[in-house]
Amino acid sequence: MIKQLTLHNFQSHKKSTLEFSDGVNVIIGASDSGKTAIIRALKWLVWNRPGGDAFRSTWGGETDISIEVDNLIIRRIKGKDKNLYQKDDTRYAAFGVDIPEGIKQFLNINEINLQNQLDAPFLLNSSPGDVAKHFNKIAHLDQIDSGLRKVQQWIREIEQDIQAGEQQVKQSEEQLLQFEHLEKFEANVEVLEDMQSRFLQKVSGSQVLKTLITAIKTTQDSINAHSEILELEPLLNKILDWCAEKKHAKESSEQLGLLIEELNQVEKDIDDHTHIVTAEKSVNSLLVMFSKQAELNSLRDSIGKLITNITNTEERLQTEDKGLKTLEKEFAEGFVDGICPLCNQPIRKK
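Using this note's numbering, you'd call the opening residue of the sequence shown number 374 and step up by one each time.
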């Protein structure tokens with residue numbers, strides 16, 4: 374519900390404000406007082422029509438049309454460098470000839486909400502069919518009519534498809550009647566196909582045989598052309614055997630030469646190390662002496678340990694002897710008074 378309409382710099386209106394009441398609102402006034410301009414301004418805001426700049430005031434300034442709907446302000450502004458819609462703080466620009474979708478859905482205003490001075494009374498001059506369509510549209514019954522029309526269209530299309538299919542089946546059946554005699558030839562065709570298969574197999578076998586015969590003939594011709602070479606086969610075999618024996622003898626000779634070289638090298642090594650063999654007895658004597666020297670060193674170490682043990686034992690014996698003499702002296706001194714130093718009892722002399 375539009376509560377208020379404000380016009381700035383629109384045709385003859387420098388600044389005009391209209392308050393609307395609930396229900397139908399009628400704008401009245403003298404001729405050329407700007408009534409049509411008010412409707413034109415409202416249409417410009419709601420539908421972005423008319424286009425161009427002819428409706429803008431001649432004294433200049435931005436043209437600004439605003440309405441208050443459900444406590445929200447919708448504005449349509451056009452200036453030298455400005456062309457936009459505004460819904461509270463949200464601005465819409467670059468929308469072309471149509472209004473922004475958000476503004477259009479929010480206003481939800483169409484032609485029946487506005488009526489000019491010279492328009493016919495609402496629905497009174499309309500035909501019964503137009504009146505029914507109008508009320509059906511208000512009650513959304515037009516959607517049912519639209520749905521029924523689509524369903525009927527689908528039914529017609531399906532019926533047409535069925536008719537076309539039946540016609541095609543009929544034509545196919547008529548065409549099949551032309552080939553009824555083919556069933557009689559089915560058995561003959563099967564026999565002919567079997568005969569053709571066997572014939573093709575024989576033809577294939579014949580071609581293979583022809584190929585083999587040609588190959589055999591070619592081979593025989595080649596053998597006949599080289600018969601002289603075949604006569605020389607025994608001599609050629611002997612030559613090949615002789616070449617093989619020669620090759621084997623050459624390999625054996627080379628191996629024998631290598632063995633002789635190795636033998637000569639061994640003899641040379643023996644001659645080079647003869648003085649080592651001569652010194653073998655001296656080396657063995659030295660090894661025996663080294664072994665005895667090791668035994669003597671081990672025996673010397675053992676004797677040293679025994680001497681150390683004996684010395685330590687003698688020192689302990691001397692220490693023990695001194696201690697024993699001290700104890701004997703103390704023991705003898707303890708009997709001076711005739712009292713035993715151990716049990717403190719008088720000593721009885723026998």
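The set of hints was computed from the structure by calculation and includes no laboratory data. One thing to keep in mind: the hints can contain errors.
Label pairs and their computed distance ranges (CB to CB) [what the hints assert, rightly or not]:
#1 V399 to E530: 35 to 43 Å
#2 N509 to E547: 48 to 56 Å
#3 E693 to S658: 46 to 54 Å
#4 A512 to K477: 48 to 56 Å
#5 L496 to E530: 35 to 43 Å
#6 A588 to K620: 58 to 66 Å
#7 S545 to L496: 55 to 63 Å
#8 A537 to N456: 52 to 60 Å
#9 R522 to D454: 47 to 55 Å
#10 R522 to G402: 43 to 51 Å
#11 E530 to F393: 30 to 38 Å
#12 A598 to Q628: 41 to 49 Å
#13 C616 to I596: 21 to 29 Å
Cross-link-like lysine-lysine pairs, in silico, DSS-like; alpha carbons within 27 Å at most [unchecked claim]:
#14 K376 to K387
#15 K665 to K619
#16 K698 to K654
#17 K654 to K665
#18 K590 to K654
#19 K416 to K543
#20 K416 to K460
#21 K623 to K665
#22 K388 to K376
#23 K506 to K590
#24 K665 to K641
#25 K408 to K460
#26 K388 to K523
#27 K590 to K641
#28 K665 to K695
#29 K510 to K376
#30 K455 to K506
#31 K641 to K654
#32 K583 to K611
#33 K641 to K611
#34 K523 to K376
Just so you know, these numbers come straight off a predicted model, no measurement behind them. All residues carry an ideal CB built from backbone N, CA and C; glycine is no exception.
Against the structure, the hints come out as follows:
no., hint, result
1, V399 to E530: 35 to 43 Å, "50 Å, violated"
2, N509 to E547: 48 to 56 Å, "50 Å, holds"
3, E693 to S658: 46 to 54 Å, "52 Å, holds"
4, A512 to K477: 48 to 56 Å, "22 Å, violated"
5, L496 to E530: 35 to 43 Å, "36 Å, holds"
6, A588 to K620: 58 to 66 Å, "37 Å, violated"
7, S545 to L496: 55 to 63 Å, "58 Å, holds"
8, A537 to N456: 52 to 60 Å, "55 Å, holds"
9, R522 to D454: 47 to 55 Å, "49 Å, holds"
10, R522 to G402: 43 to 51 Å, "46 Å, holds"
11, E530 to F393: 30 to 38 Å, "50 Å, violated"
12, A598 to Q628: 41 to 49 Å, "45 Å, holds"
13, C616 to I596: 21 to 29 Å, "26 Å, holds"
14, K376 to K387, "20 Å, holds"
15, K665 to K619, "65 Å, violated"
16, K698 to K654, "65 Å, violated"
17, K654 to K665, "17 Å, holds"
18, K590 to K654, "89 Å, violated"
19, K416 to K543, "62 Å, violated"
20, K416 to K460, "17 Å, holds"
21, K623 to K665, "60 Å, violated"
22, K388 to K376, "17 Å, holds"
23, K506 to K590, "101 Å, violated"
24, K665 to K641, "37 Å, violated"
25, K408 to K460, "26 Å, holds"
26, K388 to K523, "51 Å, violated"
27, K590 to K641, "71 Å, violated"
28, K665 to K695, "45 Å, violated"
29, K510 to K376, "26 Å, holds"
30, K455 to K506, "41 Å, violated"
31, K641 to K654, "23 Å, holds"
32, K583 to K611, "40 Å, violated"
33, K641 to K611, "45 Å, violated"
34, K523 to K376, "41 Å, violated"
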